[in-house]
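Asks: Residues per chain are reported as follows:
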Amino acid sequence: AQSVSQHNHHVILSEAASLELGCNYSYGGTVNLFWYVQYPGQHLQLLLKYFSGDPLVKGIKGFEAEFIKSKFSFNLRKPSVQWSDTAEYFCAVNAAGNTGKLIFGQGTTLQVKP
Amino acid sequence: DVKVTQSSRYLVKRTGEKVFLECVQDMDHENMFWYRQDPGLGLRLIYFSYDVKMKEKGDIPEGYSVSREKKERFSLILESASTNQTSMYLCASSGRRGNYGYTFGSGTRLTVV
Numbered sequence: 002a003q004s005v006s007q008h009n010h011h012v013i014l015s016e017a018a019s020l021e022l023g024c025n026y027s028y029g030g031t032v033n034l035f036w037y038v039q040y041p042g043q044h045l046q047l048l049l050k051y052f053s054g055d056p057l058v059k060g061i062k063g064f065e066a067e068f069i070k071s072k073f074s075f076n077l078r079k080p081s082v083q084w085s086d087t088a089e090y091f092c093a094v095n096a097a098g099n100t101g102k103l104i105f106g107q108g109t110t111l112q113v114k115p
Numbered sequence: 094d095v096k097v098t099q100s101s102r103y104l105v106k107r108t109g110e111k112v113f114l115e116c117v118q119d120m121d122h123e124n125m126f127w128y129r130q131d132p133g134l135g136l137r138l139i140y141f142s143y144d145v146k147m148k149e150k151g152d153i154p155e156g157y158s159v160s161r162e163k164k165e166r167f168s169l170i171l172e173s174a175s176t177n178q179t180s181m182y183l184c185a186s187s188g189r190r191g192n193y194g195y196t197f198g199s200g201t202r203l204t205v206v
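Protein chains in written order, with our numbering: chain A, 2 to 115; chain B, 94 to 206.
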């Protein structure tokens with residue numbers, strides 16, 4: 002069965018610090034990969050997604066993620082965080098060519114101090 | 094603007110009640126999903142449906158059932174609500190293989206007392 006693991010459950014950074022959130026998945030076949038963000042009191046929003054092609058994916062608000070197939074990883078990065086990035090971040094995986102079932106990681110809460 | 098609409102934002106029910114959570118999408122999506130979101134556990138898939146009248150169990154189906162009589166509507170049913178079902182419930186929809194992404198509703202916060 003597919004599973005997704007996010008290593009950091011709670012991250013605290015100061016503004017302008019660099020961010021990297023880890024995500025690993027377990028599935029032997031081709032996958033589609035997603036990062037979602039949930040700002041306080043708001044619904045889930047898509048940050049970025051990877052389906053195929055360039056493994057370095059750029060998303061909204063300066064976020065990017067790199068798919069490393071050999072490591073089954075899809076880590077999220079941002080060079081310089083802002084206070085407004087305070088939110089919960091979810092990595093998710095869908096087995097490409099499957100029914101479209103989307104499996105989420107446990108989530109990482111990011112707190113950015115001004 | 095495409096939408097997934099969940100009928101209630103907040104709901105308070107008593108233990109033992111039968112509870113219906115409704116979700117409607119206007120994107121003609123084949124797939125619809127019900128997740129529950131709990132702190133530290135992320136989003137866990139309860140049930141999903143890939144076509145009308147079709148359903149598959151997710152990771153935590155116990156205590157829940159679903160109904161999909163029309164393509165645009167997917168209902169989650171708590172047969173006999175219990176306090177451990179107090180949670181945020183999220184509905185989502187997608188195309189057949191999810192390749193074009195998923196759209197989420199705003200969620201229903203259910204409290205069972």
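Treat each hint with caution, since some may be false.
[Claimed, not checked] Listed next, the stretches of chain B that the computed footprint assigns to chain A, with coverage defined by at least 3 CB atoms under 8 Å from CB atoms of chain A:
id	region
1	126–138
2	170–176
[What the hints assert, rightly or not] Using C-beta positions, here's what the derived DEER-type ranges look like:
id	chain 1	residue 1	chain 2	residue 2	range
3	B	VAL105	A	LYS70	17 to 27 Å
4	B	GLU149	A	LEU47	35 to 45 Å
5	B	ASP144	A	GLY30	19 to 29 Å
6	A	HIS11	B	MET147	23 to 33 Å
7	B	ASP152	A	GLY23	27 to 37 Å
8	B	GLU172	A	ARG78	39 to 49 Å
9	B	SER175	A	ALA2	21 to 31 Å
10	B	ARG202	A	GLN46	29 to 39 Å
11	A	GLY30	B	VAL145	22 to 32 Å
By construction, these hints were calculated from the structure, which means they are not laboratory data.
The beta carbon of each residue, even a glycine, is placed where N, CA and C say it ideally should be.
Asks: Compare the structure with each hint and give your call.
Replies: Results for each hint:
1. 126–138: With 8 residues closer than 8 Å to chain A, the region 126–138 of chain B meets the three-residue bar; holds.
2. 170–176: It is violated: at least three residues are needed, and the region 170–176 of chain B offers just 0 whose Cβ sits closer than 8 Å to chain A.
3. VAL105(B) <-> LYS70(A): 17 to 27 Å: violated (47 Å)
4. GLU149(B) <-> LEU47(A): 35 to 45 Å: violated (23 Å)
5. ASP144(B) <-> GLY30(A): 19 to 29 Å: The hint (19 to 29 Å, Cβ to Cβ) holds, given that ASP144(B) and GLY30(A) are roughly 23 Å apart.
6. HIS11(A) <-> MET147(B): 23 to 33 Å: Violated - the Cβ-Cβ distance for HIS11(A) and MET147(B), about 39 Å, lies outside 23 to 33 Å.
7. ASP152(B) <-> GLY23(A): 27 to 37 Å: violated (22 Å)
8. GLU172(B) <-> ARG78(A): 39 to 49 Å: Given a distance of about 44 Å, which is inside 39 to 49 Å, the answer is holds.
9. SER175(B) <-> ALA2(A): 21 to 31 Å: holds (26 Å)
10. ARG202(B) <-> GLN46(A): 29 to 39 Å: violated (18 Å)
11. GLY30(A) <-> VAL145(B): 22 to 32 Å: holds (28 Å)
The earlier numbered hints that this structure contradicts are 2, 3, 4, 6, 7 and 10.
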